[in-house]
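> If you want the building blocks of each chain, they are given just below.
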Amino acid sequence: RKEVEQDPGPFNVPEGATVAFNCTYSNSASQSFFWYRQDCRKEPKLLMSVYSSGNEDGRFTAQLNRASQYISLLIRDSKLSDSATYLCSYGGSQGNLIFGKGTKLSVKP
Amino acid sequence: EADIYQTPRYLVIGTGKKITLECSQTMGHDKMYWYQQDPGMELHLIHYSYGVNSTEKGDLSSESTVSRIRTEHFPLTLESARPSHTSQYLCASSPARESYGYTFGSGTRLTVV
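Line by line, the protein sequences are chains W and Y. Note that the first sequence covers residues 7 to 115 in the working numbering. Note that the second sequence covers residues 117 to 229 in the working numbering.
So here's chain W without its partners, still in its complex pose:
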């Protein structure tokens, strides 16, 4: 299994749509999971941590499935400003975060 796999997209959705991204990871012992947002030619910014019981922040919901080793990000009521690349990351065996290649989201009017 690759260290991390993400569907690169692009996901092209209309405003108001609900969109979900998945990310599979290989380190079953990892305790830390995150979603980052990266705008074009900018640095990644932490969007939210992912907790075992799942967590919500406004229109964003993150979930962790340890049995299948994947994390997910759900965005409800998409806004134009949500257009960006979303990177998943998790704690690797060396103590560093492993980052996915990112999923590109484009929200259209």
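Worth flagging that the hints you see were computed from the coordinates, not collected in a lab.
Below 30 angstroms or equal to it, Euclidean Cα-Cα: the simulated DSS-like pairs (lysine-lysine) are:
#, chain 1, residue 1, chain 2, residue 2
1, W, Lys51, Y, Lys173
2, Y, Lys173, W, Lys8
3, W, Lys107, W, Lys85
4, W, Lys110, W, Lys48
5, W, Lys48, Y, Lys173
6, W, Lys51, W, Lys85
7, W, Lys85, W, Lys110
8, W, Lys107, Y, Lys173
9, Y, Lys133, Y, Lys173
10, W, Lys114, W, Lys85
11, W, Lys48, Y, Lys134
12, W, Lys48, Y, Lys133
13, W, Lys114, W, Lys51
14, W, Lys110, W, Lys51
15, Y, Lys134, Y, Lys173
16, W, Lys110, W, Lys8
17, W, Lys51, W, Lys8
18, W, Lys107, W, Lys48
Could you slot chain Y onto chain W? The hints should help.
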């Protein structure tokens, strides 16, 4: 307001020159990292440090070197720049505990001509 600073923001330099990219953080984080990222591509870890006088090479083979003499400062040096070094260089930091994510600087966009 940024808690991790990178300078310069943009740099165009000739082949063969020695350059140092600066990275400083004011959060007292123990861990610091350097990533290389080409436009639209994934992040590649090139160096990291878990504390003063501790540095390690990352996954991507790099001709750069780093130093960590002070907690807040983690500069990256290219002894002899080449066009293949043209890329964006991102510095990041995190607390010692793994449960905290990374904070990234705004990056240095390097062009070697």
